[in-house]
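Enquirer: Here are the chains, one letter per residue:
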Amino acid sequence: MQRLSREQMAMRVARDIPEGAYVNLGIGLPTLVANHLPKDREVFLHSENGLLGMGPAPAPGDEDYDLINAGKQPVTLLPGGAYFHHADSFAMMRGGHLDICVLGAFQVSTTGDLANWHTGAPDAIPAVGGAMDLAIGAKRTFVMMEHLARTGESKIVERCTYPLTGIGCVSRIYTDLAVLDVTRRGLKVVEIFNDLPFGELQKVTGVPLFD
Amino acid sequence: MIDKVSASVEAALRDVPDGATVMIGGFGGAGQPAELIDALIAQGARDLTIVNNNAGNGEVGLAALLKTGRVRKIICSFPRQVDSQIFDGLFRAGKIELELVPQGNLAERIRAAGAGIGGFFTPTGYGTELAKGKGTREIGGRMYVLESPIHADVALIKAEKGDRLGNLVYRKTARNFGPIMATAAKLTIASVHEIVPVGELDPENIVTPGIFVHRLVKVPRTVTGPAGFRQAA
Numbered sequence: 001m002q003r004l005s006r007e008q009m010a011m012r013v014a015r016d017i018p019e020g021a022y023v024n025l026g027i028g029l030p031t032l033v034a035n036h037l038p039k040d041r042e043v044f045l046h047s048e049n050g051l052l053g054m055g056p057a058p059a060p061g062d063e064d065y066d067l068i069n070a071g072k073q074p075v076t077l078l079p080g081g082a083y084f085h086h087a088d089s090f091a092m093m094r095g096g097h098l099d100i101c102v103l104g105a106f107q108v109s110t111t112g113d114l115a116n117w118h119t120g121a122p123d124a125i126p127a128v129g130g131a132m133d134l135a136i137g138a139k140r141t142f143v144m145m146e147h148l149a150r151t152g153e154s155k156i157v158e159r160c161t162y163p164l165t166g167i168g169c170v171s172r173i174y175t176d177l178a179v180l181d182v183t184r185r186g187l188k189v190v191e192i193f194n195d196l197p198f199g200e201l202q203k204v205t206g207v208p209l210f211d
Numbered sequence: 212m213i214d215k216v217s218a219s220v221e222a223a224l225r226d227v228p229d230g231a232t233v234m235i236g237g238f239g240g241a242g243q244p245a246e247l248i249d250a251l252i253a254q255g256a257r258d259l260t261i262v263n264n265n266a267g268n269g270e271v272g273l274a275a276l277l278k279t280g281r282v283r284k285i286i287c288s289f290p291r292q293v294d295s296q297i298f299d300g301l302f303r304a305g306k307i308e309l310e311l312v313p314q315g316n317l318a319e320r321i322r323a324a325g326a327g328i329g330g331f332f333t334p335t336g337y338g339t340e341l342a343k344g345k346g347t348r349e350i351g352g353r354m355y356v357l358e359s360p361i362h363a364d365v366a367l368i369k370a371e372k373g374d375r376l377g378n379l380v381y382r383k384t385a386r387n388f389g390p391i392m393a394t395a396a397k398l399t400i401a402s403v404h405e406i407v408p409v410g411e412l413d414p415e416n417i418v419t420p421g422i423f424v425h426r427l428v429k430v431p432r433t434v435t436g437p438a439g440f441r442q443a444a
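Residue numbers (this note's numbering), protein chains in the order written: chain A, 1 to 211; chain B, 212 to 444.
Because the hints were derived from the structure by calculation, they are not lab data. As the structure is a prediction and not an experimental result, all values here were calculated from the model. The C-beta atom is built at its ideal place from N, Cα and C for all residues, glycine as well. Any given hint might turn out to be false.
Taking CB as the label site, the calculated pair distances span [stated by the list, open to error]:
#1 Asp-181(A) <-> Gly-410(B): 35 to 43 Å
#2 Asp-226(B) <-> Thr-151(A): 50 to 58 Å
#3 Arg-303(B) <-> Glu-200(A): 37 to 45 Å
#4 Gly-168(A) <-> Glu-405(B): 26 to 34 Å
#5 Ala-82(A) <-> Ile-406(B): 20 to 28 Å
#6 Phe-332(B) <-> Pro-58(A): 54 to 62 Å
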């Protein structure tokens, strides 16, 4: 099985982000999507700590830690961007004003339940941040993750075993093997990468897929 | 003449009582009022409940306050960070209580307190373990969770510039929780890097009107350092 690299996954997600979209890219893998948005496409990136119109990382030496993203990394503000306080920022999310939110995940269920904030391990210190607000707030929630966990099992499951972030909130799943839409009938295959036969994809996926 | 300017951070923090709920602004290092936290440590109030997005970074600011053992409980959304070792240790030793709140609920609960709202229904967290035991309601075909306001005795916030009336403007994303925390506390104390004459702040651009601010104190301008920083994926 030939899998997409993380950059290739980011490139594939970026292709589906249209001109004029207001988008929040979650911490981790989704952050890479920003590097692949075409320069001629006007897309507004939102960061939940109070920033719309987020630009790329500053040049070395120009870092300003009063201007950071949700991962607390220094960023820049594009012309036309704005700062606002936390309640306004989460109104943009919860209020359905963002077009797309891209999140990483531990597991996604066939009905679009998302688990991405906590492994539930007894010694783990729980931290949720904006994950639950992001999951349920945007018009469309994309998940971007490896198809299989490091231990080999499918991260796409009938029912999440990790603690839930949101119920029925995921609209589309991008993995390193395929793109899947969450539909009323279950998971519909939109695209399979690198000519992997449908049967092979089905075999490694924990739940039934349809074409 | 109204003059909310305190002569020093010590004077501004002089009367924080034991057992107080203290909101502290900031997201990681941005907007964290380090000088006010240091003054709170020196002042010595104990048995505190702290409201902040995080639970301290490194060994300074909020982390240093936690280290004193005077914080009974923290209400926050994201305690675990690469440099949250002080909180991690206290939590694992059972020496601090944690109320974990989704970040948007934290912001809205603070906003609700400041706006006189007795509670609100939010879709965030519905069906998750962070909504366990809370009331729910179906509204327009969607499920919502009943959340309550968070009031504070004291809010410590960092702004960029203010005047003697307490009007404030902020700097970039250091604004974060400052404006909402200012509204939710009985006593709001702001640190600023510059105090300007009344009338100089553009009224169109005042972010926190002085009615929400009780004391402000000038602190030297320092460069915000990295905190809670996570390397790119």
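Enquirer: Hint by hint, work out which the structure violates, then give me just those numbers in ascending order.
Expert: Numbers 1, 4 and 6, in rising order.
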